[in-house]
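For the sequence shown, my numbering gives the first residue as 1, with consecutive numbering after it.
Keep in mind the hints are simulated off the structure, nothing from the lab.
If you anchor each label on the Cβ, the simulated ranges turn out as follows: (1) GLU17 with HIS143: 41 to 51 Å; (2) GLY15 with SER36: 18 to 28 Å; (3) SER36 with SER154: 17 to 27 Å; (4) SER40 with GLY184: 47 to 57 Å; (5) GLY47 with ARG185: 45 to 55 Å; (6) HIS138 with GLY51: 50 to 60 Å; (7) HIS138 with ARG162: 27 to 37 Å; (8) LEU108 with SER182: 20 to 30 Å; (9) SER36 with ASP165: 16 to 26 Å; (10) ARG55 with SER182: 42 to 52 Å.
The beta carbon of each residue, even a glycine, is placed where N, CA and C say it ideally should be.
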Amino acid sequence: MSSTPPKPNRGPSAGPENRRALVAAARQVFAADGFSAPLSAVAKRAGVGQGSLYRHFPDRLSLALAVLDENVGELEEHAGLPDATLDTLLDVVIDQALVTSPFVEAILGEGDDPRVIALGTRLDRLAHALHAKELAAHRIADHVEPDDILMAISMVGATLTRIPDSHRADTAARAKAMFRRSFGR
1 MSSTPPKPNR GPSAGPENRR ALVAAARQVF AADGFSAPLS AVAKRAGVGQ GSLYRHFPDR
61 LSLALAVLDE NVGELEEHAG LPDATLDTLL DVVIDQALVT SPFVEAILGE GDDPRVIALG
121 TRLDRLAHAL HAKELAAHRI ADHVEPDDIL MAISMVGATL TRIPDSHRAD TAARAKAMFR
181 RSFGR
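Build the full structure now, drawing on both the sequences and the hints.
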C-alpha cells in the first residue's frame, strides 16, 4: 500500500497549505469511506502528521464544517457572477452533493452549534440575493420566496446523496425541471 510521505516540517508558514491539503483529503477519504473513516487516513492522504490535523481541526465536526464552508463559499462566488441563475446554482449544488454527503449528514444533528448557524446564515443571504436577482430578471414567479430556493437546494442535495450513482444525472435533471415549472412565470 503506497502512501504519501510526510512533508518536511516548515513550521507555522506551512499552516495554510496544510489546512487546504487536509480539507481536500477529507473530501476524498470521507467520500470513499464514509464520515466514520479514521482521521489518521485524512492526515496521511494530506501528507501531514496527526498533530497538524488536530491543530487545524480539533474534532471531526470542525473538519466537516471546513469542507462545507468551502462549499458555501463556492455557492456565494457562483451566485455573485453576473450570469448566475437559480438553474446554474443548482448545477453547482448537484456537483457538490456527489462528494459532500458525509459532511452534510455529520452536521444535521448540530443545528445549535454557532458554526453551523453561521453557515446557515450565509446560505440564507445567498438565497435572498439570488431571489432578488431572479425576480428582477423575471425568471421566477412572484409567489416564490427565498426559503423556497433554500428548500430546492436542500432537496436536490439530500436526494442525490441517497440514490445510486447510475440514477443521479437523470434525477438531477428531473429535479431541475420540476423547480423550473414550480418557480417559473
